[in-house]
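Student: Residue numbers (the numbering used here), protein chains in the order written: chain B, 1 to 168; chain G, 1001 to 1279.
To be clear, the hints were calculated from the coordinates, so they are not data collected in a lab. Heads up, some of the hints might be wrong.
[To be verified] Only part of the chain B face toward chain G is listed, based on derived beta-carbon distances under 10 Å:
| no. | residue |
| --- | --- |
| 1 | G55 |
| 2 | C69 |
| 3 | L138 |
[Said to hold, decoys possible] To list a few chain B residues with every Cβ distance to chain G over 12 Å, as calculated:
| no. | residue |
| --- | --- |
| 4 | L40 |
| 5 | R92 |
| 6 | C108 |
| 7 | A118 |
| 8 | G147 |
| 9 | E153 |
[Claimed, not checked] Restraint-style ranges between C-beta atoms, simulated for each label pair:
| no. | chain 1 | residue 1 | chain 2 | residue 2 | range |
| --- | --- | --- | --- | --- | --- |
| 10 | G | E1078 | B | G18 | 26 to 34 Å |
| 11 | G | T1076 | B | L101 | 29 to 37 Å |
| 12 | B | D124 | G | W1220 | 27 to 35 Å |
| 13 | G | D1254 | B | C108 | 29 to 37 Å |
| 14 | G | H1140 | B | P127 | 26 to 34 Å |
| 15 | G | L1060 | B | L101 | 49 to 57 Å |
| 16 | G | D1138 | B | L101 | 53 to 61 Å |
| 17 | B | R80 | G | S1020 | 24 to 32 Å |
| 18 | G | E1050 | B | D20 | 23 to 31 Å |
| 19 | G | H1135 | B | K156 | 27 to 35 Å |
| 20 | G | A1181 | B | G41 | 29 to 37 Å |
| 21 | G | E1050 | B | G109 | 56 to 64 Å |
| 22 | G | D1196 | B | G18 | 32 to 40 Å |
No residue lacks a Cβ here, since even glycine has one placed at the ideal position from N, Cα and C.
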Amino acid sequence: MTVSSDSLNESYRLNVNGSDREVNDAWVGESLLYVLRERLGLPGAKGACEQGECGSCTVIMDDRAVCSCLVMAASATESRILTVESLGEDGRLSDVQQAFLDAGGVQCGFCTPGFIVAVHHLLDRNPHPDDEEIKEALSGNICRCTGYGRILEAVKVVVRDRAPGGVA
Amino acid sequence: MRPRSVDHLLELLADTPEVSVLAGGTDMMVEINLHGRRPGTVVPIGALEELRHWEHHTRLGTVTIGAAVPYADMETGELAELVPALAQAARTVGSPQIRATGTIGGNLGTCSPAGDILPVLGALDGVIHVRHRDHSRDVHLSDFMTGVKRNALRPGEFVHSVTVPVINGWQGYAKVGTRNAMVISTASACLVHDADRGHVALALGAVAPTIIRATQTEAWLSTRVDLRGSFRVSRETTEEFGRRAASETSPISDHRSTADYRRHAVSVLARRLLERSAA
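Starting from the given sequences, assemble the full structure and let the hints guide the process.
Tutor: Here is the structure:
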């Protein structure tokens, strides 16, 4: 398989949300963000800075949270990719998504999918983060509306609810 | 072309030397997304298992790190204990998302004077293992970095791995930027105290076209303080150490800072690192 040239001649397969998806007639320089949104019909990851500063395009790739704008899609054929669309079950919101809504951690909403993915990733690895750990894990996600206080609160609600004796 | 192995990669590079080698992509994709770069043929190396490992050679007292090892893997765990300055530098790179993707090989490929891993390799006298289908060579950072974002790689070559010594003594990395997270260095410094050899090495980033070693300052300190084992220094000595380090730099003024501020930042970083190493 070639990854070459300036023309729309790339064809490859990506594993996204558990399914193998065909990508055809693509350009080699396309980011994973572009391919997810424009070719695979998954617009959950948002494009803003296109340089890894804002985190609104965050997806999980091989159990790591990454900026999909900085991943060359054609190089990700060996990876398992999970997007925000995969997090809720049967069309319902995940506990993190619900907590963001309840705590007022969503205002304009543009950064929200990236935060949701980053928080799921954090809590999968560390179910009981302290404030500093939460802040460091979310340091690559920028929100211009909330001031972060309500986002921090939402994460703490999930931590509490997922603990034994919590509501989850 | 997508290489199946390092040998296959070396064949591809020897046959088509004009290709772009893609490591994590955190630099190349910015150039593509924002600066109009149109890569011709791209060879991604991130999926090659051989390049995603690091190894501790206990007998040699060294650690060898594959080019595709991401910063996140250097931040914690055994590698962080063996080479603490590397862990500190890795933790200052971008955001968690960037650190999950960006690699040590990519830092060397881009070769920015603000590259966070590079002062660590400079202070540790790390060796860069460069491979070609027909030869291999080991290059020190001072020979590898030839200018701003320029390196000594020749057609058909690529960075396979890096070896650094495990050193008995304090080591640390510090940088100045506009904030704590998501920041490119305005000035950076790595100090390594080799307690067995009785030497302090100081490497500086973002204050010259390449990473530089403050060799005159290092030599001055050696004449002033016995650096074998643990040592103590006076405030006067740490301040003079900082001043001398700043005088060895040749910074520029640009959108990130002025030359004067960079010199001042180096004097503060060098002083603080020496204080910590002596504490």
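Student: Hint by hint, say whether it matches the structure.
Tutor: Now for the hints, and whether the structure bears them out:
1. G55: Holds. Min distance 6 Å.
2. C69: 6 Å, holds
3. L138: This interface hint holds because 8 Å falls under the 10 Å limit.
4. L40: 18 Å, holds
5. R92: 26 Å, holds
6. C108: Holds: least Cβ distance 20 Å, greater than 12 Å.
7. A118: 8 Å, violated
8. G147: 16 Å, holds
9. E153: 20 Å, holds
10. G:E1078 with B:G18: 26 to 34 Å: 33 Å, holds
11. G:T1076 with B:L101: 29 to 37 Å: Because 33 Å falls inside the window, the suggested range holds.
12. B:D124 with G:W1220: 27 to 35 Å: 51 Å, violated
13. G:D1254 with B:C108: 29 to 37 Å: 33 Å, holds
14. G:H1140 with B:P127: 26 to 34 Å: 45 Å, violated
15. G:L1060 with B:L101: 49 to 57 Å: 56 Å, holds
16. G:D1138 with B:L101: 53 to 61 Å: 56 Å, holds
17. B:R80 with G:S1020: 24 to 32 Å: 25 Å, holds
18. G:E1050 with B:D20: 23 to 31 Å: The hint (23 to 31 Å, Cβ to Cβ) holds, given that E1050 of chain G and D20 of chain B are roughly 26 Å apart.
19. G:H1135 with B:K156: 27 to 35 Å: Since H1135 of chain G and K156 of chain B have Cβ atoms about 57 Å apart, the given range 27 to 35 Å is violated.
20. G:A1181 with B:G41: 29 to 37 Å: 33 Å, holds
21. G:E1050 with B:G109: 56 to 64 Å: Roughly 43 Å apart at Cβ, these two residues miss the hinted range, so it is violated.
22. G:D1196 with B:G18: 32 to 40 Å: 53 Å, violated
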